[in-house]
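Colleague: Below are the chains, spelled out letter by letter.
2 protein chains.
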Amino acid sequence: MFTKMQLTQYTTLYRSGKPFKTGAVIVDLENKDFQQNDTIPYFQVEEEDGKINFIYNMSKEDVVYGLGETLGALNKRGKIYRFYNTDDPEHTPDKMSLYGSHPFMILDGKSTFGLFIDYPSEIIFDIGFTDKDILKITVPSKDFDLYIFDSDEKLSIIKEYFNLTGKPYIPPKWAFGFQQSRWSYFSEEEVRNVAKKFRETGIPCDVIYTDIDYMDSYKVFTINKEKFPNYEGMVKDLKEIGIKVIPILDPGVKIEKGYEMYEEGKDKGFFCVDENGNDFVAAVWPGATHFPNFLNSEVRRWWGKKYKIFTDMGIKGFWNDMNEPSIFYTPKGLDNLLKILKYLEENKENAGIEVFLARETLLNIANNPEDYRSFFHKLDDGSLINHEKVHNLYGFNMTKATADELKELNPNERYLLLSRSSYPGLHRIASIWMGDNKSWWEHMLVNIRMLQSLNMMGFFYTGADIGGFGADSSAELVIRWMELGAFTPFYRNHTALNTRPQEPWQFDEESLNIMRDIVRLRYAFIPYTYSEYMNSVKESVPFVKPLSFVFEGDRVKDIEDQYMYGDSLMVAPVHEQNKKGRYVHLPDVKWLNWTACKYEERNMKVYEPGDYYIQAYLNEIPLFIKENSLIVLSEPMNYVGEKDITELTVIGLVSDHAIYNYYDDDGITYNFTNGEFGNLKIDITKVGKDFKIDVKPYDPANILKIKKIHFEIYDSDGSVIKKDMII
Amino acid sequence: MFTKMQLTQYTTLYRSGKPFKTGAVIVDLENKDFQQNDTIPYFQVEEEDGKINFIYNMSKEDVVYGLGETLGALNKRGKIYRFYNTDDPEHTPDKMSLYGSHPFMILDGKSTFGLFIDYPSEIIFDIGFTDKDILKITVPSKDFDLYIFDSDEKLSIIKEYFNLTGKPYIPPKWAFGFQQSRWSYFSEEEVRNVAKKFRETGIPCDVIYTDIDYMDSYKVFTINKEKFPNYEGMVKDLKEIGIKVIPILDPGVKIEKGYEMYEEGKDKGFFCVDENGNDFVAAVWPGATHFPNFLNSEVRRWWGKKYKIFTDMGIKGFWNDMNEPSIFYTPKGLDNLLKILKYLEENKENAGIEVFLARETLLNIANNPEDYRSFFHKLDDGSLINHEKVHNLYGFNMTKATADELKELNPNERYLLLSRSSYPGLHRIASIWMGDNKSWWEHMLVNIRMLQSLNMMGFFYTGADIGGFGADSSAELVIRWMELGAFTPFYRNHTALNTRPQEPWQFDEESLNIMRDIVRLRYAFIPYTYSEYMNSVKESVPFVKPLSFVFEGDRVKDIEDQYMYGDSLMVAPVHEQNKKGRYVHLPDVKWLNWTACKYEERNMKVYEPGDYYIQAYLNEIPLFIKENSLIVLSEPMNYVGEKDITELTVIGLVSDHAIYNYYDDDGITYNFTNGEFGNLKIDITKVGKDFKIDVKPYDPANILKIKKIHFEIYDSDGSVIKKDMII
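Note that the protein sequences, when read in sequence, are chains A and B. If you read the first sequence in this note's numbering, its first letter stands for residue 17, the second for the next number, and so on. If you read the second sequence in this note's numbering, its first letter stands for residue 17, the second for the next number, and so on.
There's no promise every hint is true.
The list treats identical chains as one, so a pair stands whether inside a single copy or across any two.
[Unchecked claim] Quick list of in silico lysine-lysine cross-link-like pairs, DSS-like style, CA-CA up to 30 Å:
| id | residue 1 | residue 2 |
| --- | --- | --- |
| 1 | K596 | K152 |
| 2 | K738 | K158 |
| 3 | K738 | K606 |
| 4 | K596 | K606 |
| 5 | K213 | K659 |
| 6 | K721 | K659 |
| 7 | K111 | K723 |
Note that these hints are calculated values from the structure, not bench results. As the structure is a computational prediction, the values presented were derived from the model and not from experiment.
Okay, chain A solo, but in the shape it has when bound:
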């Protein structure tokens, strides 16, 4: 039933039927010849009424990695995952679906291989849940592409996946600064005050978001002139102090006579239609809306060009939300609900369990599968396709519209582009955050695990809403989460309507001071973070890696709450309440420890490999630099690029020899693709009790402004040698 095509030494495509072209893959598969093929390696294949099951018998030692934006452990064994993009604000452990679908996994154990199923609707991975040693993947269709990556190396499987689906998105450099958001800052004045407050309190900040309430009654591409009389002026004034404003955009177009988006979309037939060919109606924030048919290229161009309204104001970032697409309810869904409530009314006296049925119905009125089956997309070839069949592509194509047209407008400008919903391929053009989490300590661990899983999918630039989106947060939780966030690429504090404010100054003085130290630490690390990020993209290696991707042995496979952040740094955040420390596993090599949030007060300590309880008070986060590797820091600034980086501080534990390839570029354009970037090859060799330091600059385009490097190099015995070098 399958045809087969060997794409590389490691990667083979197994095709079933006529798959929909999702855009996930960048390799050209047209007019290549497929061979007939009956069996799939590793898997036993079962057909049952229109479904296909792939069955694999797992060994005790097998670990499963990947699956991107999913809940549960880093080792995906022991849970069922359902890929069907869903806007669910209750990320409780039993949930099987979130906002994105990333059906790429690595099985590592007795055998090691990778697998990617390119199919844009429901796929179910039952990984040792129903039967603890059986991996069962169910695709309810016969039209899909299955890729097997046949390598024993997890990292080379990921490289193959990136070769197939493309390299990760690169944001502007300022996107690595701190970002503040809230649903909502309700007025221009409020936004300006938040910006002012950051500068007054001396907390670095690069971005402030305006959530849905900046719009005129939630109409996309409009601005509430009453609350935001001069949005453009606000954008320009904040730019003066280094703060970029990013607006949110939702796909649902309000049904309202005279509203441009509505009238245009209606006239041009740009909306999804129901079974009768009428524009499909679904209620979201604005009430009744139509959904743009993003699977059509003409619609994408139309939509994408609208962003010019914002780029003309000097806006450099966009936040595409609600694009699963989220549906609060449809008229049909509402009718069903009302039927049930009428029944309840008539049976008041003996309705008991019925009230729970009503409850279920109301809870299921949102994002109801039936609604997703009831509308259609007109494709470029004029054919109609049911949304259900391509559900997981909607957010991807909305964001494709954004990215493509921004490229049209300003081909050489990098944008901070976020989408809530995603599918493989989106990682090339934008990134995602982790959606509507909660102010729960447990969600810090979800954040840490998902960060590692998403990096495997090429979503390098990601992070969670710091402090938690839903529910109220304590100062302690926000502080600990700010510490974790300082070591995630996307660093944004965000919270929901009617929750406790959680900007850094919303708590006590001590908390404010600790948070200032944390954010300043983040900025001190930006030379390292940006350099490592760019090198990771270049090398096609995840920027954030599980320990088990770097070190051998069973023991590290159990470690899910520590991670490698770039090649030199291991992060072990404290993610439990009231704790004054945590256990840390230090694999294989020696490690140079640093726990102070106040980076001027770092005092470094050398650890042998092993298991340790590391003390970490509220103003501390355990960081570990790997033996024979280096990190590079600079003085914190109020925002990225406020000043030239003229001095670097290089820190490392060198028992033998360490090399660091420091990278930098203009941070805002794609000129680096034409060789306009700077490199410092920093090479340190231990010679007796001293170190031989060699720095080779490569800087044809004059990117680097570095005049001086401070070296702080530790020996295995903890002794340190400090040197400055003028260059």
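Given chain A's structure and the hints, the job is docking chain B onto it.
Modeller: Using the frame of chain A, we list chain B on its own:
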């Protein structure tokens, strides 16, 4: 505003206004004279419109213990707790209320003291949430008793609390056996088959529960004759194989002409009434019901005598559920909901956020505060009191009805008596389980923490629904939870309607075998468990204790997922998915480790104090016997009391001297209160490389059948000496 009475050297009562007599306290406070008093030690007292706030400035090192059935960490700092008994099946971390109210806490740090507020309605403890260093307790009334326990010793504070409120409940010995439940076993046949299956699979079991569906249309004190044609015969037949049947009972009495409970209650005016004096109507499982007025002694006698229907069948245990009381909805609540939905219907086109309001309303239709304010209790003195004012006493008084009348019926019989809702004082006559948890790994940790907090309240005999009540469970989760449960006094596997079956045989063969080993291990420990339980009650010391109650220093205050189970054993359950081990902190002394679930295969290892990573595969749970203490085991049986215990195995690490006071009695009566119990004083002294063993029996009533004791005594160096002793 307060009057004051010194009750003991450590305990002082501060009275405000005219408190309602809750029955929490057993000390007679009548016609004692109170002194005038203005200040409360430790606290600053604020009055704000009818509310009283108690404010305490916490130091960094202060730890707060107690509060019983609450979510969050063992150290209660960093969260808000609201004591208002609530039936909430979603135990997410942000929830402030559960089924019971236990306003007793211990602050341990710069100062150390205990506090108990005897007030039966809402009390709020904001423990460093709003301000991380402020403890703020709010009582929205001026009529309450506040007790301050002024001792530096946590355990003596708890002793004082037990002197004040009474000693913990003592169940029959068989209550320490394994118990199986499900919502629901729908027929007599199903129950019989489950019992048979336990004996076939060789898994010990003492109890099977019948949940709500054994009743005739959820009418309390009735039996569905169609599904359970011979409930009594079932009870007797299962007794033959050592299995006790326990039925569930709900307070809500179905409104149905001719139904005895309804007619009697109505005629005698035994139901709670609304503001117009009509019997109050609330919908629960049966649909519309009336709530018995358990705050009236005549009503309690009426209700309690009904249990005779079951005791006549030979039933020895009862499960009082839904007694917060849980309210699905009231006619008024339903009307409000329907109004909102009508509005929705009329505004279909532009309703957006409104559908979320409707959702909120439906979610809040259950257990709505307004409903609790809308009914009344007639007290013994004929006065009417609003339910709101005494809300937290309802379940306590329902269970008091049960306990008092069972005592009337069979004064010398012990019963297994469970209540879902509770208030201090209930711990004297019955116990509670932890309510409707979920099959979430996170809820194993909740179980471990709550187990320790509930023991401080005198709820020694407690535990959680093993495997989780709501949601589906994996084999791994059930196994790990069965391991934890083996070391909690109440050991019951229970799950909800429409969830995956989780009896031990519902998974694979390997899982079945591991679970058999775990349950057999539990039974091997019963001599120790029962002896320690009875000694704990005698000594007024919690049966389960946090490490910080036994060992000194800041470090142990961070340990929340290990606990002392009796005086000799520390339990460190694996509570994370896919883990092959865990970190364990071993304080102060040496420890003798045992991890095998299969107790015949135990191999013991001695550890020095420190932090360790302990390997623990799926069939292992890390157990540690404290240096110079002992445990006593016997051969597992199919059920408690199946055979006489003629041989004991005594295990310990004796570097110096260890004494164990083994206790036993008939396990079913109160004769032990007349001295009818047996003791073995086992005294082991290290003498050179050998041990001097001395066993002194005290057994006037001929309780003990022990003929032989196997000693397995380890030396600090791990060497072991095995001896048998005939007695």
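Colleague: If a hint holds in the structure, say so; if it doesn't, say that too.
Modeller: Here is what the structure says about each hint:
1. K596 - K152: The answer is between: 23 Å across copies meets 30 Å, while 42 Å in one copy does not.
2. K738 - K158: neither (64 Å within a copy, 66 Å between copies)
3. K738 - K606: within (20 Å within a copy, 44 Å between copies)
4. K596 - K606: both (24 Å within a copy, 24 Å between copies)
5. K213 - K659: within (21 Å within a copy, 75 Å between copies)
6. K721 - K659: within (10 Å within a copy, 85 Å between copies)
7. K111 - K723: Intra 53 Å, inter 55 Å, cutoff 30 Å: neither.
Hint compliance for this structure: hints 2, 7 are broken, all remaining hints hold.
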